[in-house]
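K.L.:
Here are the chains, one letter per residue:
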Amino acid sequence: MKYVLVLLCLAPAAFGQRCALEGRVVDQSTGRPIPKVRLFVTQDRLSPAIRATTDERGTFCFARLDPGSYHLLARSTGYRAYPEPMIYSMLSVGSDSGQFPMTIELTPRSILTGRVLDADGDPIAGAEVDASGPDGRYPGTIAHTDDHGAFRFYDLGAGTYHLMAIPGLDTHIWAGFRDGHGQPIGEREIETYYPNSSDIKGAAAIVLKAGHEINDVVITMQRVGLRHVSGRIVGFAGGQYLLAEFRWPSGTVEASPIQVREDGTFYQGGLLPGKYTLSMAYVVQTTVDLTTQDVDGLLIDSLKTGK
Amino acid sequence: MTATDSAGAFSFDSVEPGNYRIELQNAGYRSEPGNQAGALTHLSPGQKIAGLELTAVPLGAISGTILDAEGEPLVGAEVQLIRSKWSHGRRVVSLVQVPRRFFEQLVLTDDLGRYRLDSLEPGEYFVRAQTLPGWFNIETVSDGPGQPEMATIPMFYPRAVTIAGATPVRVGAGQEISGIDLRLPIVRTFHIRGSANPAPTDTITNRAPYVAASHDDGGVKDWAEFFGQFGEDGSFDIAGVPAGNYVVREMQGSEALSDQVRTSVNSGDVNGVRLSSTRFDVGIQVRFEGDASHDLSRVFAHLVPTDRIGATLSTWPNHPGVISNVSPGRYILEVSPDENAHVKQLLVHGKEVTSADFQLDGAADQLEIVLAKGTRTICGTFAWPDPRPIGVRAILVPEKPRPGGFTIVHQADIDQSGEFTFWSVSPGRYRSFVVTDFDEGLWENRDFFRLVSDRGLLVEVPEGAKDNSAIRISPALLPPAAVERAMAQMRN
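In the order they appear, the protein sequences are chains F and D. When you line the first sequence up against the numbering used here, it's residues 1 to 307, in that order. When you line the second sequence up against the numbering used here, it's residues 1 to 492, in that order.
Incorrect hints may have been included.
[As the list claims (entries may be wrong)] Pairwise CB distance ranges, derived in the manner of DEER restraints: (1) F:Thr265 to D:Ala470: 50 to 56 Å; (2) D:Asp5 to F:His228: 23 to 29 Å; (3) F:Asp296 to D:Asp295: 44 to 50 Å.
[Claimed, not checked] Taking lysine to aspartate or glutamate pairs in the EDC-like style, the calculated list, with each CA pair at most 20 Å apart, reads: (4) D:Lys85 to D:Glu124; (5) F:Lys36 to D:Glu70; (6) F:Lys209 to D:Asp111; (7) F:Lys36 to D:Asp111; (8) D:Lys351 to D:Glu339.
Hint data in this document are derived by calculation from the structure and do not stem from the laboratory. Don't be surprised by glycine CBs; every beta carbon is placed ideally from N, CA and C.
Just need the whole structure built from these sequences, with the hints factored in.
P.N.:
Structure representation (structure tokens):
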């Protein structure tokens, strides 16, 4: 994390001096002055801030300030917050200054909007959309889809982004259900990179320029067939739970409990294809590979696998 | 689970006999189909049910723009929905958990100040907007050192500081209500300061108690409007409070930990508010009429506050004779007796309590519960009209509520062929109705009940009857218009 440290020193309200702290706010990309910017200085987190606003020429003036250290914040519609969130610009108002008036540059905010649809073209509500940071890591900035499947990122900086959609709670709920014929539900939406890939290699980059807006990016969520595992556990009292853990490529771990019947048998449908770790009470632990097929008749012998 | 085809038809094969509740899932529709013919389905062995017709209720949405005092969009402002409900016969205003949003995920305005609240059940909603504190407190501002403090204050739609002046937004099934815009003014604000005794021991975790001030508008509400944190010494400071009358409390989650203190903010800060809590034990005596040997260890008693939002307090299995940690206020007592027993009498200080709630003040309070045998099962039938209404439920309301029953109002779902059952009904005189949009708390309001009781079917469960066969009834549908009329006539 980058810290901006602006150290300013100022004579205590010298006679004839109009402002204790003054400066100008300009657009970082064009250099033009920005009017109606709200500026706040505050000495600590909880005390009220002292405010000022820029005029038509982009200049501001805090007439009276007690000597001391201040955080300076600036906010303007259409621009990113200054300084960026979690970076605290610090200045001290004190004895002497050669740095006034100061110039603050605001970065125009870039906007990215779109929709998340399922394979049939219907909107997916409540999905999480992650825009990776410039370094490509997840999660970056997060937005959620509304009932029309729409999302909006409105405070992005210029850069190259990858988008990933994650199914919301609604989709997760399906996993344990059976269909009208008593069979486990066959498929489910999974994490999908823009435009329609479950693999990061298929992710397309979106280049966003400062102050620009890209609209109606469509992410089509991918569906996969679900698998089941069944078997028996011996050497352990029945009526307990096995924990099935699945690790997404992004590192998220999804855990589902599998009920073990009194006779030690278990069955779990609605599982994503992939490798699972099955564990019980941190004593029994085994792996099962459901990448290409269902697994039936798995025998877990706690006396052999137990520690 | 099954999916409907393009004609909306569905089928379930090889279903075990029994009682089923059918749920619908489709973005934009209510998942709980409400109580309508077929939503509760009774399936007998070998039976094939065809022609069930379910109505999917479309959900609505409210959208609008939140602006600041200068007409600029407020970015990242929180928009809340509040509904007025009935609870134990009183109106309570409570925050609506917006559907499909993760725990504690808030509805915030975007860069243009716009918000959208979707997936809303049909009904009336109050809309409230507030700015959220960031890392720095730039919500409270001044023009220089020692100058008056000003803050952007929360507002209710259309332009009210308290809910008393607010107008609810009515959302019909599937309706999109747009243009619910709010402008939050910047006004002179003050502080409410004071301390809690004893000081909260936890001031750090997200379960740490906090201090809350709410507009003292006479209503019972389950959320607070202005917040502050406790220091380690128990001191607190609530900033950004506009002039008005307030109720101040120490809270944890949505429960009050302290007694409430009323205060007025006029033209200056309020200092020295002392928060404390009075707690005492209430003795519980349970007697089973005509059977001294009856096992009373499985009878549980619960005190539910009625004049404020607070935790329900219960007896513990290993400590049956007392309810601890009771604060002064009004309560109703709920009792869960074992099967086939009912609460015959409830006495406070040896005096029969005839009202629905009673006052508890101190450690000398004693409650006496008299149980008796002799509950009955009531089986009912209802002829589903055409078109079939949604949200239908059969209810049974005592003519004179007997205090202390676990259920004041009995309610039952009606299955596809119009059958329903009330279990374990105590002796007494009742009125039975079939209603749409059942609200238990409203039916516990005696003014309301008095206005509609004539329209109900009189049902009498005799006392001490040897015969315990089911009583059969066929109540009629109470038209929604009659409910609305009664509500309009009620004294508040």
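K.L.:
Could one say that the CB atoms of F:Thr265 and D:Ala470 fall in the range 50 to 56 Å?
P.N.:
41 Å, violated
K.L.:
Next pair to validate is F:Lys36 with D:Asp111; report whether the Cα-Cα distance is within 20 Å.
P.N.:
Measuring from Cα to Cα gives roughly 16 Å; hence the hint holds.
K.L.:
Is 44 to 50 Å right for how far apart the beta carbons of F:Asp296 and D:Asp295 are?
P.N.:
The hinted range 44 to 50 Å holds for F:Asp296 and D:Asp295, with Cβ atoms some 49 Å apart.
K.L.:
For the pair supplied as a hint, D:Lys351 and D:Glu339, confirm whether the alpha-carbon distance does not exceed 20 Å.
P.N.:
27 Å, violated
K.L.:
Quick one, are F:Lys36 and D:Glu70 close enough, alpha carbons at most 20 Å?
P.N.:
10 Å, holds
K.L.:
Hint check: D:Lys85 vs D:Glu124, CA-CA at most 20 Å. Holds or violated?
P.N.:
It holds: about 10 Å lies between the C-alpha atoms, which stays within 20 Å.
K.L.:
Would you say the C-beta atoms of D:Asp5 and F:His228 sit inside 23 to 29 Å of each other?
P.N.:
26 Å, holds
K.L.:
For the pair supplied as a hint, F:Lys209 and D:Asp111, confirm whether the alpha-carbon distance does not exceed 20 Å.
P.N.:
18 Å, holds
Checked against the numbered hints given earlier, the structure breaks hints 1 and 8 and satisfies all the rest.
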